[in-house]
Amino acid sequence: MSILHTLLVEPWPWWLGGIAIGLLVPLMYYFLNTALGVSTGYGNLVKLFLPRSKLKWLHTATYANVFNWRFYFIAGMILGGFLSARFSGSALLTSEMGLFTENVRWPFVGYVLWFLSGGILLGFGSRVAGGCTSGHSIHGIANLHPSSILSTIFFLLFGTIGVAFIRMLLMGGVS
Amino acid sequence: MNRNVQYLLFGSIFGFVLSRVGASDYNLIFRMFTGEDLKLAYVIITAIITAGIGMAVLKRLGLKGADGNPITVSKKPLHFRKNILGGAIFGLGWAISGACPGTVLAQVGEGKLLGLVTMFGMVLGTFFYALTTERQEK
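Residue numbers (this note's numbering), protein chains in the order written: chain L, 658 to 832; chain D, 28 to 165.
Treat the hints with caution; some may be incorrect.
No more than 35 Å apart at the CA atoms, straight line, and that leaves these computed lysine-lysine pairs for DSBU-like [said to hold, decoys possible]:
hint: 1; chain 1: D; residue 1: Lys102; chain 2: D; residue 2: Lys86
hint: 2; chain 1: D; residue 1: Lys109; chain 2: L; residue 2: Lys711
hint: 3; chain 1: D; residue 1: Lys91; chain 2: D; residue 2: Lys109
hint: 4; chain 1: D; residue 1: Lys66; chain 2: D; residue 2: Lys102
hint: 5; chain 1: D; residue 1: Lys66; chain 2: L; residue 2: Lys711
hint: 6; chain 1: D; residue 1: Lys102; chain 2: L; residue 2: Lys713
hint: 7; chain 1: D; residue 1: Lys102; chain 2: D; residue 2: Lys91
hint: 8; chain 1: D; residue 1: Lys86; chain 2: D; residue 2: Lys66
hint: 9; chain 1: D; residue 1: Lys109; chain 2: D; residue 2: Lys66
hint: 10; chain 1: D; residue 1: Lys109; chain 2: D; residue 2: Lys86
hint: 11; chain 1: L; residue 1: Lys713; chain 2: D; residue 2: Lys109
A short, non-exhaustive set of chain L residues, derived as facing chain D with CB atoms under 7 Å [as the list claims (entries may be wrong)]:
hint: 12; residue: Leu661
hint: 13; residue: His662
hint: 14; residue: Val695
What the hints contain is simulated information worked out from the structure, not anything from laboratory work.
Glycine included, every Cβ here is placed at the ideal spot set by N, Cα and C.
Just chain L, with the same shape it has in the complex (with noise of 0.2 Å):
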């Protein structure tokens, strides 16, 4: 097979999409001065819903302007996976999400409802503990910030055990 069709329609091993990625932490701060991190760009998407909100907050330095660099972004990571998707042909639209869609029979308001608090979840505890996996576990470990060791423990500790109980719980032990 030709090195496009390895490239844009097979998925990755392991070892080139973890080069990819770490190699954008350098080169953003070459070419922009920029330290990789997706989450603090949601208070970008928070205004931009509610452009008149008087929360402080979102009068702070950091989101003075919404269509700053992390909006775009963010858009750019979505059209990433978009354009991921085309290449490999897989279908534009889909309910689905693998093992639990599978395993958990519930309506799909059910599942609604359990990805938004998962979702919820993910928002406010990144705010709290000030990143992501992008800015805490790759730049932050990368940099060898404490913090972002310290998280990152955390991060994959709760992750653990959070499957571990909705295994047991809510899909019957599946693997």
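Go by the hints and put chain D onto chain L.
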């Protein structure tokens, strides 16, 4: 190149790679946490090592950007209790949604409707955080 276009490009590469390597795949996240398939753990570890080497190279070259200006490496301050509490809340959210703030964007682009729900939840969770900071300041 316009800076916003560059950010769009970097974001696109990030989203594309996350999707290609399977980080936006619910099952791979699930199996990383059950220990059945550690592919994504290897991805994260490789990314950390690569980024660390890249930063060391930048430092060796005097921490200067492409435009010749000095690079400022951001530091996230240690807040012992917040890092632990936020980390735990985040971890549970990661387990429930099978996504994190970056991979959920790739899921949205891939057309996963429940990923869009997770993303909307994240906006809501960030809004709730903004509400709590408001109360603390009063």
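Status of the hints after comparison with the structure:
no., hint, result
1, D/Lys102 / D/Lys86, "holds (15 Å)"
2, D/Lys109 / L/Lys711, "holds (25 Å)"
3, D/Lys91 / D/Lys109, "holds (33 Å)"
4, D/Lys66 / D/Lys102, "holds (29 Å)"
5, D/Lys66 / L/Lys711, "violated (44 Å)"
6, D/Lys102 / L/Lys713, "holds (23 Å)"
7, D/Lys102 / D/Lys91, "holds (17 Å)"
8, D/Lys86 / D/Lys66, "holds (30 Å)"
9, D/Lys109 / D/Lys66, "holds (29 Å)"
10, D/Lys109 / D/Lys86, "holds (30 Å)"
11, L/Lys713 / D/Lys109, "holds (20 Å)"
12, Leu661, "violated (13 Å)"
13, His662, "violated (12 Å)"
14, Val695, "holds (4 Å)"
In summary, the structure is inconsistent with hints 5, 12, 13 from the numbered list given earlier, while agreeing with the others.
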